[in-house]
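Chemist: Here's the letter readout for the chains.
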Amino acid sequence: MTKRSMYIKMITSSLIRRRSRMFVALLAVAVGATILSGLVTVYYDIPRQMRQEFRSYGANFILVSASGETISEESAAAALGCIPEDKVVGTAPYRYETVKINEQPFMAAGTELSEARKASPYWFVSGEWPERDGSVLIGQEVADVIKLLPGNSFTMTGTDLAGESFSRDFRVSGIVQTGGTEEAFIFMSLADFASVIGENGAFDVVECSISASQAELETIAARVTEIAEDVAPRLVTRVTRSEGAVLTKLQALVFLVTAVVLLLTMICVATTMMAVVAERRKEIGLKKALGAPDKSIITEFLGEGLLLGCLGGALGSALGFGFAQIIGVNVFSRAVQFPAALAPATLIASVLITGLACLIPVRSATYVDPAIVLRGE
Amino acid sequence: MALLDIKGISKIYGSVKALQNIDLAVEQGEWLSIMGPSGSGKTTMMNIIGCMDKPTDGKVILDGIDISAESARNLTAIRRDKIGLIFQQFHLISYLTALENIMVAQYYHSMPDEKEALQALDRVGLLERAKHLPSQLSGGEQQRVCIARALINYPMLVLADEPTGNLDEVNEGIVMDIFRQLHSEGSTVVVVTHDPEVAEEAQRTVILEHGRIARITYNVGRESRKGE
Ligand SMILES: Nc1ncnc2c1ncn2[C@@H]1O[C@H](COP(=O)(O)OP(=O)(O)OP(=O)(O)O)[C@@H](O)[C@H]1O
Ligand SMILES: [Mg+2]
Numbered sequence: 000m001t002k003r004s005m006y007i008k009m010i011t012s013s014l015i016r017r018r019s020r021m022f023v024a025l026l027a028v029a030v031g032a033t034i035l036s037g038l039v040t041v042y043y044d045i046p047r048q049m050r051q052e053f054r055s056y057g058a059n060f061i062l063v064s065a066s067g068e069t070i071s072e073e074s075a076a077a078a079l080g081c082i083p084e085d086k087v088v089g090t091a092p093y094r095y096e097t098v099k100i101n102e103q104p105f106m107a108a109g110t111e112l113s114e115a116r117k118a119s120p121y122w123f124v125s126g127e128w129p130e131r132d133g134s135v136l137i138g139q140e141v142a143d144v145i146k147l148l149p150g151n152s153f154t155m156t157g158t159d160l161a162g163e164s165f166s167r168d169f170r171v172s173g174i175v176q177t178g179g180t181e182e183a184f185i186f187m188s189l190a191d192f193a194s195v196i197g198e199n200g201a202f203d204v205v206e207c208s209i210s211a212s213q214a215e216l217e218t219i220a221a222r223v224t225e226i227a228e229d230v231a232p233r234l235v236t237r238v239t240r241s242e243g244a245v246l247t248k249l250q251a252l253v254f255l256v257t258a259v260v261l262l263l264t265m266i267c268v269a270t271t272m273m274a275v276v277a278e279r280r281k282e283i284g285l286k287k288a289l290g291a292p293d294k295s296i297i298t299e300f301l302g303e304g305l306l307l308g309c310l311g312g313a314l315g316s317a318l319g320f321g322f323a324q325i326i327g328v329n330v331f332s333r334a335v336q337f338p339a340a341l342a343p344a345t346l347i348a349s350v351l352i353t354g355l356a357c358l359i360p361v362r363s364a365t366y367v368d369p370a371i372v373l374r375g376e
Numbered sequence: 000m001a002l003l004d005i006k007g008i009s010k011i012y013g014s015v016k017a018l019q020n021i022d023l024a025v026e027q028g029e030w031l032s033i034m035g036p037s038g039s040g041k042t043t044m045m046n047i048i049g050c051m052d053k054p055t056d057g058k059v060i061l062d063g064i065d066i067s068a069e070s071a072r073n074l075t076a077i078r079r080d081k082i083g084l085i086f087q088q089f090h091l092i093s094y095l096t097a098l099e100n101i102m103v104a105q106y107y108h109s110m111p112d113e114k115e116a117l118q119a120l121d122r123v124g125l126l127e128r129a130k131h132l133p134s135q136l137s138g139g140e141q142q143r144v145c146i147a148r149a150l151i152n153y154p155m156l157v158l159a160d161e162p163t164g165n166l167d168e169v170n171e172g173i174v175m176d177i178f179r180q181l182h183s184e185g186s187t188v189v190v191v192t193h194d195p196e197v198a199e200e201a202q203r204t205v206i207l208e209h210g211r212i213a214r215i216t217y218n219v220g221r222e223s224r225k226g227e
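Protein chains in written order, with numbering that gives the first Met the number 0: chain C, 0 to 376; chain Y, 0 to 227.
Please keep in mind that the hints were generated in silico from the structure rather than gathered at the bench.
All clues stand as given, with none of them false.
Listed next, with one range per pair, are the computed distances between beta-carbon atoms:
1. Lys-130/Y with Arg-18/C: 13 to 21 Å
2. Arg-18/C with Asp-176/Y: 33 to 41 Å
3. Arg-3/C with Gly-124/Y: 30 to 38 Å
4. Arg-3/C with His-131/Y: 18 to 26 Å
5. Asp-176/Y with Ile-359/C: 45 to 53 Å
Since the model is a prediction, treat every value here as computed from it, not as a measurement.
No residue lacks a Cβ here, since even glycine has one placed at the ideal position from N, Cα and C.
Can you make the complete structure from the sequences, with help from the hints?
Modeler: Here is the structure:
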């Protein structure tokens, strides 16, 4: 048997056969590592999560006509081509026209309803989103004025593009609340819109919801201006700016909590190791009486500590993944991504922290007087 | 020259004079007993001889080295190379097997050698208990493991403080047999004991009182028994 294998035998036996005390320290390291890896996962995933979260507050990128007129379908398609497909949450083109119901004027909006739903997920619809031609969403304000409920029908009148008046019946499939101007609108499919107003091959605006950072949005805007000259891209800055501020604060909070938890872990490991050293004074004295130099005493205790750090770190990385998932599901309602490099990083951090925590206790182990073995305290 | 030469040592703890002006020489191959009432300084003397403590005054020459003048680090090395310690409380490491406890002494000394450690266990009659933990051994068996550990690195001086203090008569007999064998092989042994029968086995008994040597007796009886 070599010295190294004897050393390994000694420190592993100590951990395995004297479980109770070391178990506390192991638990401390594991909990610390769990919180560390869990919160770091969340820390790195927050921007991704929050961006999606904030996107649910509607469009953050709007295309209007540069000349104040309408955007042709070709220009709109060209502009939308500038947005990386994987970042698109929804793009809803809109056509607007004033119409009348019971001789009262309202704004009718034709859009791709399924896209509008994706781009404006915060819309609260009582009833159903329209699924058939002839079904529309009406804003709460419209519903209040005309006294309409989901399932009711009404007659819409107005003048089409050719200047001829029309009259057509529609069914209310749902009533939409947005807390904004949309509540005075009647939303219908582009086909329904064209059937009453007529086709002009153009849109008034295109509202886009894009999952990207401020910088990325600016890049996209620049490209749109370049490619489609008659299109003017607008960033809805209000949301994007507050998004950044909230992110920074959240990340600072997570960082702080992680630091505090690591400090507590260190204190717990240090006190446990202190108690372990006190508990094993006899054993240390015996080893010294047998002729063990301080170096051996230090490497043995440190070895036990670091092994503990390793085990706790490994356990913590695994639990941390679960912890992050729980936070993800409960706070953001979706799964988080676990950065692969985090597992080894957690392990290294755990080993470093236990090593650091062991320094003082290990030092005190070298002060034990070998004479105690004969004194028989 | 004597293996161990104690020249006028005193040990003072605050106001307690644990040892006062002790002179004593131990020859190579000698078996010496130290007796005396509780608090007379026996353990204090063992600690000094065993390089675990230093005298307040006087000199201790072990194998030609003045151990009263060495640094703690050097004392550790001397202890490792020259001294074998046997304790009243055995002091086996609880989480290591009998065999591993012996190998720990090899580990600090030079190289763990399982074969040699097994031979040492065999010598104290515990070969079949090699894989047992101390908690699975009786007091007498634990003491035999402790003795095997003390002898594993061929110490020039074996020190035993009350080796039979925690043992019954049967186990005391087994342990004394091992000491007798050690002595016959030429080992130098110093045994502290309260038991006159144990003390009598040695060639010489030093009786301490109040930190001084009160008298020294030569145990001729033992020599005659040896012939039986
Ligand atoms: N570290 C110490 N500090 C203060 N006094 C001590 C210390 N060690 C020993 N003494 C004192 O020195 C005296 C001798 O102690 P020692 O342990 O050598 O006695 P002993 O002969 O071994 O006794 P016993 O038979 O009870 O083991 C005692 O009065 C003891 O109280
Ligand atoms: Mg004593």
